[in-house]
Amino acid sequence: MSDKKRTTIILFSGDYDKAMAAYIIANGAAAFDHEVTIFHTFWGLNALRKEEHVPVQKGFIEKMFAKMMPRGADKMGLSNMNFGGFGPKMIKNIIKKHNAMPLPQLIEMAQEQDVKLVACTMTMDLLGLQQEELLEGIEYAGVAAYLADAQEGNVNLFI
Amino acid sequence: MSDKKRTTIILFSGDYDKAMAAYIIANGAAAFDHEVTIFHTFWGLNALRKEEHVPVQKGFIEKMFAKMMPRGADKMGLSNMNFGGFGPKMIKNIIKKHNAMPLPQLIEMAQEQDVKLVACTMTMDLLGLQQEELLEGIEYAGVAAYLADAQEGNVNLFI
Amino acid sequence: MSDKKRTTIILFSGDYDKAMAAYIIANGAAAFDHEVTIFHTFWGLNALRKEEHVPVQKGFIEKMFAKMMPRGADKMGLSNMNFGGFGPKMIKNIIKKHNAMPLPQLIEMAQEQDVKLVACTMTMDLLGLQQEELLEGIEYAGVAAYLADAQEGNVNLFI
Numbered sequence: 001m002s003d004k005k006r007t008t009i010i011l012f013s014g015d016y017d018k019a020m021a022a023y024i025i026a027n028g029a030a031a032f033d034h035e036v037t038i039f040h041t042f043w044g045l046n047a048l049r050k051e052e053h054v055p056v057q058k059g060f061i062e063k064m065f066a067k068m069m070p071r072g073a074d075k076m077g078l079s080n081m082n083f084g085g086f087g088p089k090m091i092k093n094i095i096k097k098h099n100a101m102p103l104p105q106l107i108e109m110a111q112e113q114d115v116k117l118v119a120c121t122m123t124m125d126l127l128g129l130q131q132e133e134l135l136e137g138i139e140y141a142g143v144a145a146y147l148a149d150a151q152e153g154n155v156n157l158f159i
Numbered sequence: 001m002s003d004k005k006r007t008t009i010i011l012f013s014g015d016y017d018k019a020m021a022a023y024i025i026a027n028g029a030a031a032f033d034h035e036v037t038i039f040h041t042f043w044g045l046n047a048l049r050k051e052e053h054v055p056v057q058k059g060f061i062e063k064m065f066a067k068m069m070p071r072g073a074d075k076m077g078l079s080n081m082n083f084g085g086f087g088p089k090m091i092k093n094i095i096k097k098h099n100a101m102p103l104p105q106l107i108e109m110a111q112e113q114d115v116k117l118v119a120c121t122m123t124m125d126l127l128g129l130q131q132e133e134l135l136e137g138i139e140y141a142g143v144a145a146y147l148a149d150a151q152e153g154n155v156n157l158f159i
Numbered sequence: 001m002s003d004k005k006r007t008t009i010i011l012f013s014g015d016y017d018k019a020m021a022a023y024i025i026a027n028g029a030a031a032f033d034h035e036v037t038i039f040h041t042f043w044g045l046n047a048l049r050k051e052e053h054v055p056v057q058k059g060f061i062e063k064m065f066a067k068m069m070p071r072g073a074d075k076m077g078l079s080n081m082n083f084g085g086f087g088p089k090m091i092k093n094i095i096k097k098h099n100a101m102p103l104p105q106l107i108e109m110a111q112e113q114d115v116k117l118v119a120c121t122m123t124m125d126l127l128g129l130q131q132e133e134l135l136e137g138i139e140y141a142g143v144a145a146y147l148a149d150a151q152e153g154n155v156n157l158f159i
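Chains as they are written, first to last, in UniProt numbering: chain R, 1 to 159; chain X, 1 to 159; chain B, 1 to 159.
Mixed in with the good hints, there may be bad ones.
As the list claims (entries may be wrong) - Simulated pairs of lysine to any residue, SDA-like, Cα-Cα distance not exceeding 20 angstroms:
1) X:LYS50 - X:THR121
2) R:LYS96 - B:GLY128
3) R:LYS96 - B:LYS5
4) R:LYS89 - B:LYS5
5) B:LYS58 - B:ASP74
6) B:LYS67 - R:ILE94
7) R:LYS5 - B:LYS5
8) R:LYS96 - B:ASP125
9) R:LYS5 - B:MET124
10) X:LYS5 - R:LYS89
Stated by the list, open to error - For the chain B half of the interface with chain X, some residues (derived, Cβ under 7 angstroms), not all of them:
11) LEU78
12) HIS98
13) ASN99
What the hints assert, rightly or not - Stretch by stretch, here's where chain B covers chain X in the computed footprint (C-beta under 8 angstroms, at least three residues):
14) 40 to 47
15) 103 to 117
16) 149 to 155
Bear in mind the hints are in silico, worked out from the structure with no lab data behind them. All C-beta atoms, glycine included, are put in the ideal place defined by N, C-alpha and C.
If we strip away everything but chain R, and leave its shape as in the complex, we get (with noise of 0.2 angstroms):
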């Protein structure tokens, strides 16, 4: 266990909005050279998935699931004032705008700075998504492993 400080978060949801959160917060920690873990459960797995179709084997259910989610972060809606889809589109310029950094352009950044990002294996497998339908270079997991890394957060956040 090394002397750094430590901070997890837990991505739960799949809105675009929250997920900026999470990678603007898990940057920021990194940047203070905090060892940070991005543990990606249920919708917030969506963030990770690759923009391109993967084909792989799936049953019905799972084929549906896969259709209806969006497939990677840029597809992601929002918490709020989503619009259909063009509340997205509204934040997305005036990310543009204001030079900051769009939700794959951060995940990229984490990346980057070695900040662990996790999917959750258990919700993958309700999900019915498949390690090649997800971006490179991510960890595979469960709960244990995410507690083994929170009970010595300083910061451990649910988002």
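Start from chain R and add chains X and B according to the hints.
Relative to the frame of chain R, chains X and B by itself:
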């Protein structure tokens, strides 16, 4: 105050999937030998409601709330892709298929593992819920009791 | 750094009930003699808006956001059972009946108890909110200031 690690979760949400996440973390932490508390407030109280109708005296608004809120864990909806109640059915099918545990069993397991289940008395008042309507074996407390636990907590989450 | 215990809350949500929970916890922690910070970001900023219209220069999208977002705590909706604005009316009636405190008074009480209310400058930019539009006596900061507080925190929550 014991030397055990401690996990506290505020369950504010009345969504089936969020409550599942709360109880999976709680059960995991109990297996790690943490002292675990789930403090149910606002819509999270619905997870503790008995399934059967309990005849108690209520005012008009209390009755309306009681009717509109789900009666127990099994009746709760999803935070995402609820589809008018079809989403929870799908999720429950998938849970069964994967031999995972549905929410009512996760709650039973938590009780067997001595996770402390607390109902927030202030929000019970607001929503017009009475002790007779909630599961046996739970505790009743307010924000002061929560804070006394949480300030010694290693993992504190708001779900 | 003082020896006091410390509570930090990120208020991301713009829902009346979630903001109530945040402020009830904050006021409780202040009564427990914690140093307390509420860091308002994204929709949580709406809790800090003044009720009256404040004439400031805005671009088109900023104006639209300003119109669509609730102007102050009293105008916020519920996360659940909002019923097009009828839900908040019911909750406020119940709050009055039970002699509990509505959100605007919880915010006043927090200010009297020296809870540090912070507005996230980055998301103020994104949503086009200016200092003139927010309550007096609050602070302005970014994620770095939040993390400096939270890494010493005993109770850190994301709401």
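Quiz item: Any hints this thing doesn't respect? Which numbers, in order?
Solution: 3, 4, 5, 9, 10, 11, 13 and 15
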